[in-house]
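Here's the letter readout for the chains.
2 protein chains.
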Amino acid sequence: MPHHRTLIDKHLEAWVSALPQGGLYAPMAYLMALPAKRVRPALVLMGCELFGGRTEDALDAALGIELFHNFTLMHDDIMDAAPLRRGQPTVHEKWNVNTAILSGDAMMVKSYQLMAKRPDVAAIFSRYALEVCEGQQLDMEFEERNDVGADEYMDMIRLKTAVLLACSLRVGAAIAGASTADSEHIGAFGEHIGLAFQLRDDLLDAFGDPIRTGKQQGGDLLAGKKTILLIRGLEQSASSGRSELQKELAKTPDQRDVAQMLRTLEELGVRDEAERAIQAEETKAMEALDAIEVPEDRKQPLRALSAQLMVRNY
Amino acid sequence: MPHHRTLIDKHLEAWVSALPQGGLYAPMAYLMALPAKRVRPALVLMGCELFGGRTEDALDAALGIELFHNFTLMHDDIMDAAPLRRGQPTVHEKWNVNTAILSGDAMMVKSYQLMAKRPDVAAIFSRYALEVCEGQQLDMEFEERNDVGADEYMDMIRLKTAVLLACSLRVGAAIAGASTADSEHIGAFGEHIGLAFQLRDDLLDAFGDPIRTGKQQGGDLLAGKKTILLIRGLEQSASSGRSELQKELAKTPDQRDVAQMLRTLEELGVRDEAERAIQAEETKAMEALDAIEVPEDRKQPLRALSAQLMVRNY
Chain B
1 MPHHRTLIDK
11 HLEAWVSALP
21 QGGLYAPMAY
31 LMALPAKRVR
41 PALVLMGCEL
51 FGGRTEDALD
61 AALGIELFHN
71 FTLMHDDIMD
81 AAPLRRGQPT
91 VHEKWNVNTA
101 ILSGDAMMVK
111 SYQLMAKRPD
121 VAAIFSRYAL
131 EVCEGQQLDM
141 EFEERNDVGA
151 DEYMDMIRLK
161 TAVLLACSLR
171 VGAAIAGAST
181 ADSEHIGAFG
191 EHIGLAFQLR
201 DDLLDAFGDP
211 IRTGKQQGGD
221 LLAGKKTILL
231 IRGLEQSASS
241 GRSELQKELA
251 KTPDQRDVAQ
261 MLRTLEELGV
271 RDEAERAIQA
281 EETKAMEALD
291 AIEVPEDRKQ
301 PLRALSAQLM
311 VRNY
Chain H
1 MPHHRTLIDK
11 HLEAWVSALP
21 QGGLYAPMAY
31 LMALPAKRVR
41 PALVLMGCEL
51 FGGRTEDALD
61 AALGIELFHN
71 FTLMHDDIMD
81 AAPLRRGQPT
91 VHEKWNVNTA
101 ILSGDAMMVK
111 SYQLMAKRPD
121 VAAIFSRYAL
131 EVCEGQQLDM
141 EFEERNDVGA
151 DEYMDMIRLK
161 TAVLLACSLR
171 VGAAIAGAST
181 ADSEHIGAFG
191 EHIGLAFQLR
201 DDLLDAFGDP
211 IRTGKQQGGD
221 LLAGKKTILL
231 IRGLEQSASS
241 GRSELQKELA
251 KTPDQRDVAQ
261 MLRTLEELGV
271 RDEAERAIQA
281 EETKAMEALD
291 AIEVPEDRKQ
301 PLRALSAQLM
311 VRNY
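These protein sequence lines are chains B and H, in that order.
In this text, residue positions in the first sequence follow this note's numbering: the first is 1, and each later residue adds one.
In this text, residue positions in the second sequence follow this note's numbering: the first is 1, and each later residue adds one.
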């Protein structure tokens, strides 16, 4: 992983420094230079190495996936009217909305310049790229609805977050020439790890130690954001005839009692249920990894990464 | 051409009817169903046939280029806050801005699904797709500036309009296996035809017969839009010490005397100069076509299309 990180950073820096100055390219360079974990490009390299491919053959695709991910952030931030990204002004704030639209478009083209060197890689990438767009569309639709079910929420986070992890691993696997069965296994691993990670993120927002998460405790609940916890909390409240959550949601965000909301979620069993759902996803991810027919030592980096993503900050 | 039109329409209709319902896909289906000339996909097919390729091998790429073109319209209309496209409400008006951003993004992915089946085609396409974004960026920058020169304007319309015609022809040529030299010739043909067409469009807006153009005469001038005519008119006014154009521009659009502006442009020789520039582009286009080493009868469809695009409606 530290080795991957160095390779990715070097490749990314060379790419940024080769960009034309100004115009459309300055916002790309700005966004790509903000500190980030680079999980997706690392997964491309790991997917390639898992099946015995050469790391350097996967570097362009790794960078292409990271460019695509950042393009989605640039456009999502417009749609969400988000002022900050990675602690810095978003592109539409620092420049303007039109520049953020157009620079994002150009960034997707730059991503495809790297992904379309091989038709098999391009085909995998396009399929998942569409799903990422579909996930964002569902996320926006859900904001306008009050009847989003838990299954719909799971489908939305699968599309919006988990599939790009699956895509990264499968792109790496394709470059290494993995079999169809192995490609499906590693894709399943990525998707289940992604779901576990997103659910864990929802749990941490509510029950995490703010000192360790760096976020206001219960920020999503105060904002009335429909995460799995609030969706299941409202479903369980309805079936058990309780009204504490509804009462809190009827207040303005600054009037809500977050401690009361958290207590209710615990009492309704929603916290435990989410923990079990995360464990179920982790189990499925590990089963998929187990099914891949390569020597066990090649799987170690993916097991280490999973463990790292799953750290419980509470 | 009528034959091409039938093939393209059939391929496009099959594509639209295979789209998932609703969500992100409804705006794509809406925009693609609006009546359009389909010049770019026809150029893909003609570029392929010129070099002896099979028409059916170029149909996917032809559709991919038309999808990309419509994606740029969807996003440009947001940036220009345009209410109408092809006489119908724009996507951001009929739905909303966020849907138009996201549906456009997904449309670019759908375009690449068709363009990235061959790495050589994808590479040509990506190069020009970036240039189209750069052209739109320049167009937006020019709206904020009062010192845009004629050379800069020519470069902007080259990027924003002409290069996608060159791209279409070169993609078709690549599918037919044309040589590098021939690919460059057909690209030059497309670029010069594109420039001639855009300059002609500027001239027609000012001097065209409104009954034949279907537009208000001098609409660009009334709006103070910096086309080649206004840019050269102001340059010539400055060097000859005349002030009629500046005086008209100082008024509000509804107070401007368009007949006076047109008279001034004629007297300054700007109309004749633009006619000569168009003829120069047409000559360069024909020279590029002449340089291509294929039997003359294969070039006839491109000569016919050029003549059609160059019709003088005044």
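If you are wondering where the hints come from, they were derived from the structure by calculation, not from laboratory data.
Heads up, a few of these hints could be off.
Identical chains share a label here; the pair holds if one copy fits it or two copies do between them.
As the list claims (entries may be wrong) - With a cut-off of at most 25 Å between alpha-carbon atoms, the simulated SDA-like pairs for lysine to any residue come out as follows:
(1) Lys-117 with Asp-182
(2) Lys-247 with Met-310
(3) Lys-251 with Glu-13
(4) Lys-94 with Glu-144
(5) Lys-284 with Leu-12
(6) Lys-94 with Asn-146
(7) Lys-284 with Ile-228
(8) Lys-225 with His-11
(9) Lys-94 with Val-311
(10) Lys-226 with Asp-272
(11) Lys-117 with Lys-299
(12) Lys-94 with Glu-141
(13) Lys-251 with Leu-305
(14) Lys-226 with Asn-98
(15) Lys-117 with Arg-127
(16) Lys-226 with Gly-23
(17) Lys-225 with Gly-87
(18) Lys-225 with Asn-98
(19) Lys-94 with Leu-130
(20) Lys-284 with Leu-249
(21) Lys-299 with Glu-131
(22) Lys-226 with Gly-22
(23) Lys-10 with Thr-283
(24) Lys-215 with Arg-263
(25) Lys-225 with Gly-23
Do the hints match the structure? See the list:
In this homomeric assembly, Lys-117 and Asp-182 come within 25 Å of each other (Cα to Cα) both inside a single copy, at 22 Å, and across copies, at 23 Å. In the homo-oligomer, the alpha carbons of Lys-247 and Met-310 never lie at most 25 Å apart, since the shortest distance is 33 Å inside one protomer and 69 Å across protomers. Proximity of Lys-251 to Glu-13 under the C-alpha cut-off of 25 Å is found in neither arrangement, the shortest distances being 48 Å within a copy and 50 Å between copies. When the C-alpha separation of Lys-94 and Glu-144 is checked against a cutoff of 25 Å, the pair qualifies only between copies, where the shortest distance is 17 Å, while the shortest distance within a copy is 28 Å.
For the identical chains of this complex, Lys-284 and Leu-12 are neighbours neither inside a copy (33 Å) nor across copies (41 Å), given an alpha-carbon limit of 25 Å. Taking the shortest Cα distances, Lys-94 and Asn-146 sit within 25 Å of each other only across copies (24 Å), while inside one copy they are farther apart (34 Å). Proximity of Lys-284 and Ile-228 under a CA criterion of 25 Å is satisfied intra-copy only: 19 Å inside one chain copy versus 63 Å between copies. Within a single copy, Lys-225 and His-11 get their C-alpha atoms no closer than 37 Å, and across copies no closer than 43 Å, so neither meets the 25 Å cut-off.
Taking the shortest alpha-carbon separations for Lys-94 and Val-311, neither the intra-copy value of 34 Å nor the inter-copy value of 45 Å comes in at or below 25 Å. In the homo-oligomer, the alpha carbons of Lys-226 and Asp-272 lie at most 25 Å apart inside one protomer (18 Å), although the nearest pairing across protomers, at 64 Å, exceeds that limit. Neither within a single protomer nor between protomers do Lys-117 and Lys-299 lie at most 25 Å apart by alpha-carbon distance, with minima of 27 Å and 32 Å respectively. When the C-alpha separation of Lys-94 and Glu-141 is checked against a cutoff of 25 Å, the pair qualifies only between copies, where the shortest distance is 16 Å, while the shortest distance within a copy is 27 Å.
In this assembly of identical chains, the alpha carbons of Lys-251 and Leu-305 never lie at most 25 Å apart, being 41 Å within a copy and 66 Å across copies at closest. Taking CA atoms no more than 25 Å apart as the test, Lys-226 paired with Asn-98 passes between copies only; the shortest distance there is 20 Å, against 29 Å inside one copy. For a Cα distance limit of 25 Å, the shortest separation of Lys-117 from Arg-127 qualifies both inside one copy, at 16 Å, and across copies, at 13 Å. In this assembly of identical chains, Lys-226 and Gly-23 lie within 25 Å of each other by CA distance solely across copies; the values are 20 Å between and 38 Å within a copy.
For a Cα distance limit of 25 Å, the shortest separation of Lys-225 from Gly-87 inside one copy, 21 Å, qualifies, whereas the shortest one across copies, 40 Å, does not. Taking the closest pair of Cα atoms, Lys-225 and Asn-98 come within 25 Å of each other only across two copies (19 Å); inside a single copy the shortest separation is 28 Å, beyond that limit. Proximity of Lys-94 and Leu-130 under a CA criterion of 25 Å is satisfied inter-copy only: 22 Å between copies versus 28 Å inside one chain copy. Proximity of Lys-284 to Leu-249 under the C-alpha cut-off of 25 Å is found in neither arrangement, the shortest distances being 35 Å within a copy and 69 Å between copies.
For the homomeric pair Lys-299 and Glu-131, neither the shortest alpha-carbon distance inside one copy (27 Å) nor that between copies (43 Å) is at most 25 Å. Proximity of Lys-226 to Gly-22 under the C-alpha cut-off of 25 Å is restricted to the inter-copy arrangement: shortest distance 23 Å between copies versus 39 Å within a copy. With identical chains, the CA atoms of Lys-10 and Thr-283 are never at most 25 Å apart, being 35 Å at best within one copy and 48 Å at best between copies. In the homo-oligomer, the alpha carbons of Lys-215 and Arg-263 lie at most 25 Å apart inside one protomer (19 Å), although the nearest pairing across protomers, at 66 Å, exceeds that limit.
Taking identical chains as interchangeable, the C-alpha atoms of Lys-225 and Gly-23 lie at most 25 Å apart only when they sit on different chains, with a minimum of 21 Å there against 36 Å within one chain.
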